[in-house]
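So the protein sequences, as listed, match chains A and B. Just so you know, this note's numbering puts 5 at position 4 of the first sequence, and the rest follows in order with no gaps. Just so you know, this note's numbering puts 23 at position 22 of the second sequence, and the rest follows in order with no gaps.
What the hints contain is simulated information worked out from the structure, not anything from laboratory work. Heads up, some of the hints might be wrong.
Put simply, identical chains are the same to the list, so a pair is met inside one copy or across any two.
Unchecked claim - List time: in silico DSSO-like cross-link candidates among lysine-lysine, alpha-carbon distance up to 30 Å:
#1 Lys292 / Lys263
#2 Lys292 / Lys111
#3 Lys292 / Lys322
#4 Lys243 / Lys263
#5 Lys58 / Lys143
#6 Lys298 / Lys58
#7 Lys298 / Lys111
#8 Lys111 / Lys322
#9 Lys187 / Lys98
#10 Lys60 / Lys82
#11 Lys42 / Lys212
#12 Lys298 / Lys322
#13 Lys243 / Lys187
#14 Lys82 / Lys30
#15 Lys98 / Lys292
#16 Lys187 / Lys60
#17 Lys298 / Lys85
#18 Lys60 / Lys243
#19 Lys30 / Lys298
#20 Lys85 / Lys213
Number of protein chains: 2
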Amino acid sequence: MIRIGILGYGNLGRGVEKAVNASPDMELKAVFTRRDPSTLKIATAGVPVYAEADAEKMKDEIDVLILCGGSATDLPTQGPKYAKMFNTIDSFDTHAKIPEYFPAVDAAAKEGNNVSVISVGWDPGMFSLQRLLGNCILPDGKDYTFWGRGVSQGHSDAIRRIEGVQDARQYTVPVPEAIEAVRAGKNPELSTREKHTRECFVVAKEGADLKKIEEEIVNMPNYFADYNTTVTFISQEELNEKHSGIPHGGFVIRSGATGDMKHIIEYSLKLDSNPEFTSSVLVAYARAAYKLASEGKSGAMTVFDIAPAYLSPLSGEELRKTLL
Amino acid sequence: MIRIGILGYGNLGRGVEKAVNASPDMELKAVFTRRDPSTLKIATAGVPVYAEADAEKMKDEIDVLILCGGSATDLPTQGPKYAKMFNTIDSFDTHAKIPEYFPAVDAAAKEGNNVSVISVGWDPGMFSLQRLLGNCILPDGKDYTFWGRGVSQGHSDAIRRIEGVQDARQYTVPVPEAIEAVRAGKNPELSTREKHTRECFVVAKEGADLKKIEEEIVNMPNYFADYNTTVTFISQEELNEKHSGIPHGGFVIRSGATGDMKHIIEYSLKLDSNPEFTSSVLVAYARAAYKLASEGKSGAMTVFDIAPAYLSPLSGEELRKTLL
């Protein structure tokens with residue numbers, strides 16, 4: 002049994018717990034939290050909850066620690082810190098900072114003789130893998146990544162910070178015509194506006210100026226100004242009822258050619274729960290980290306560096322027989 | 002430069018030649034043929050053509066030999082034979098015989114201290130990889146593979162063997178309703194007949210009994226009897242004009258769940274030329290074989306055993322920066 006620890010018990014941590022419990026070769030050993038451990042009720046009976054500060058003491062009882070913190074403030078310090086003590090998996094997704102995050106985790110993991118797989122999930126993660134494969138198979142081609150239809154937490158938060166807004170949910174939606182043009186092999190040049198639209202469902206506080214809220218949303222730089230954005234005001238009840246899920250998904254398309262022959266490779270995800278799917282990817286890579294560490298490997302890795310067979314509980318022989 | 006040799010100059014060999022020439026880090030060193038080399042004109046100027054028997058003499062001038070023979074009779078002997086002399090790539094696709102082919106190639110490759118990647122292409126190959134990923138990420142789920150719309154060479158050949166048939170082309174076509182049901186997460190149990198239909202375009206010899214030909218086709222065991230099959234008689238001119246391409250493609254769908262949350266992973270290919278796409282995959286894995294052999298690895302491998310980064314000419318740092 003691969004003994005798993007979870008650091009951070011938010012949406013992602015709860016998803017990891019579910020995925021570990023669904024894996025017959027894994028066992029959830031402990032959950033670590035920054036909250037007071039006595040106040041945290043977790044879903045799995047009999048699994049202890051400890052303060053984060055106690056994690057190091059469990060070094061020898063945990064094979065892989067899955068870091069379920071956020072990329073903005075948690076992982077930049079947690080990643081290198083825990084890579085010294087444990088094999089780790091994280092979902093670090095600040096693309097622009099990966100070039101500095103990777104070497105920091107790599108040095109720590111090598112010091113601790115551990116394997117640390119960074120930036121695991123679906124983007125970065127499975128989408129990255131598909132972009133790499135598409136580029137290598139069809140070097141003469143163009144990449145397209147579309148996200149959605151799905152909830153963007155960052156954009157929802159940005160709306161909630163506007164004066165007069167009580168609650169909000171933002172969906173990122175790929176433009177169907179853009180996807181169709183790409184699928185048809187037309188290799189269009191697409192602006193930000195042509196690729197995605199943004200749908201905002203907003204609960205206003207009583208007496209708030211709706212017109213002003215809408216203006217602030219659609220003109221918000223970086224978040225909304227470059228997109229066609231729709232704003233719909235609804236009640237808190239309707240938001241709770243119809244928009245409480247965290248679905249997401251998207252498309253990675255490689256449109257390439259060999260001479261005058263055209264080829265389209267498309268990978269898509271349609272996910273009822275973004276954090277639960279991400280967690281499932283993290284847990285598959287936890288298995289890989291465990292196996293790689295058992296072979297004596299160490300250092301930071303990404304999905305690019307791991308042979309797919311490591312993700313599976315099956316032997317090479319079984320895999321060739323059943324899935325090749 | 003990675004020096005590539007091609008063994009066998011049919012559709013696949015020509016596709017490999019094209020893909021190698023499109024790869025800036027590769028150089029086509031020689032083509033080997035069973036035909037009289039003096040009769041074979043290849044597309045690339047200045048590249049020598051040799052008899053297959055002379056391949057061994059080129060051992061030290063070729064980094065990877067790409068075996069472009071067929072799975073029925075060529076590869077079962079060529080695979081182990083050349084794995085002793087060269088790093089090799091092949092597209093062995095007789096799924097049922099992979100469990101005996103792999104160890105034969107493995108032993109030979111280890112003896113020769115070479116890396117031999119078997120069963121590369123899109124199925125087996127990219128589709129296998131997607132099946133593996135889907136199974137590892139969503140262990141609670143169901144796999145669906147659909148092929149087409151595309152030309153099946155084996156089925157076309159089977160029709161051509163019928164008395165009174167002059168020429169024929171067979172398309173395998175996935176049933177749209179079946180794909181839709183899978184995409185909708187309905188997890189249907191699909192019979193052979195419910196998954197694919199078969200479209201046959203047949204040129205009859207003059208005076209042939211069309212009724213009899215049609216009967217023979219639709220009732221042919223294994224090939225057509227289990228499918229809804231349509232037979233359309235056309236002229237040789239129409240066949241040449243409208244059905245001379247070798248398009249193919251298909252879909253791998255993993256329909257899975259985490260508790261009551263449903264997730265659909267879909268991978269699809271739409272290929273103008275089946276052999277040219279297959280060749281492009283072979284060439285990407287030739288790069289991987291070269292790199293793995295340079296690291297001192299040896300033995301048989303499949304797409305399951307190779308970390309994706311090996312397929313790329315870019316460094317780990319460049320990959321993380323541009324594709325992660």
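Quick rundown of the hints versus the structure:
In this homomeric assembly, lysine 292 and lysine 263 come within 30 Å of each other (Cα to Cα) only across copies, at 29 Å, whereas the closest approach inside a single copy is 39 Å. For the homomeric pair lysine 292 and lysine 111, the shortest alpha-carbon distances inside one copy (16 Å) and between copies (23 Å) are both at most 30 Å. Taking the shortest Cα distances, lysine 292 and lysine 322 sit within 30 Å of each other both inside one copy (21 Å) and across copies (26 Å). Only between protomers do lysine 243 and lysine 263 lie at most 30 Å apart by alpha-carbon distance; the minimum there is 17 Å, versus 42 Å within a single protomer.
Proximity of lysine 58 and lysine 143 under a CA criterion of 30 Å is satisfied in neither setting, with 49 Å inside one chain copy and 40 Å between copies. Proximity of lysine 298 to lysine 58 under the C-alpha cut-off of 30 Å is restricted to the intra-copy arrangement: shortest distance 23 Å within a copy versus 38 Å between copies. Proximity of lysine 298 to lysine 111 under the C-alpha cut-off of 30 Å is found in both arrangements, the shortest distances being 9 Å within a copy and 22 Å between copies. Taking the closest pair of Cα atoms, lysine 111 and lysine 322 come within 30 Å of each other only across two copies (21 Å); inside a single copy the shortest separation is 36 Å, beyond that limit.
In this homomeric assembly, lysine 187 and lysine 98 never come within 30 Å of each other (Cα to Cα): the closest approach is 33 Å inside a single copy and 40 Å across copies. In the homo-oligomer, the alpha carbons of lysine 60 and lysine 82 lie at most 30 Å apart inside one protomer (13 Å), although the nearest pairing across protomers, at 49 Å, exceeds that limit. Taking identical chains as interchangeable, the C-alpha atoms of lysine 42 and lysine 212 are never at most 30 Å apart, the minima being 43 Å within one chain and 73 Å between chains. Taking identical chains as interchangeable, the C-alpha atoms of lysine 298 and lysine 322 lie at most 30 Å apart whether they share a chain (27 Å) or sit on different chains (23 Å).
Proximity of lysine 243 and lysine 187 under a CA criterion of 30 Å is satisfied inter-copy only: 22 Å between copies versus 37 Å inside one chain copy. Taking CA atoms no more than 30 Å apart as the test, lysine 82 paired with lysine 30 passes inside one copy only; the shortest distance there is 20 Å, against 50 Å between copies. For a Cα distance limit of 30 Å, the shortest separation of lysine 98 from lysine 292 qualifies both inside one copy, at 28 Å, and across copies, at 28 Å. Proximity of lysine 187 and lysine 60 under a CA criterion of 30 Å is satisfied in neither setting, with 54 Å inside one chain copy and 43 Å between copies.
For the identical chains of this complex, lysine 298 and lysine 85 are neighbours both inside a copy (14 Å) and across copies (29 Å), given an alpha-carbon limit of 30 Å. When the C-alpha separation of lysine 60 and lysine 243 is checked against a cutoff of 30 Å, the pair qualifies neither within a copy, at 43 Å, nor between copies, at 66 Å. For the homomeric pair lysine 30 and lysine 298, the shortest alpha-carbon distance inside one copy (23 Å) is at most 30 Å, but the shortest distance between copies (36 Å) is not. Taking identical chains as interchangeable, the C-alpha atoms of lysine 85 and lysine 213 are never at most 30 Å apart, the minima being 50 Å within one chain and 74 Å between chains.
Violated hints, listed in ascending order, are 5, 9, 11, 16, 18, 20; each of the other numbered hints is respected by the structure.
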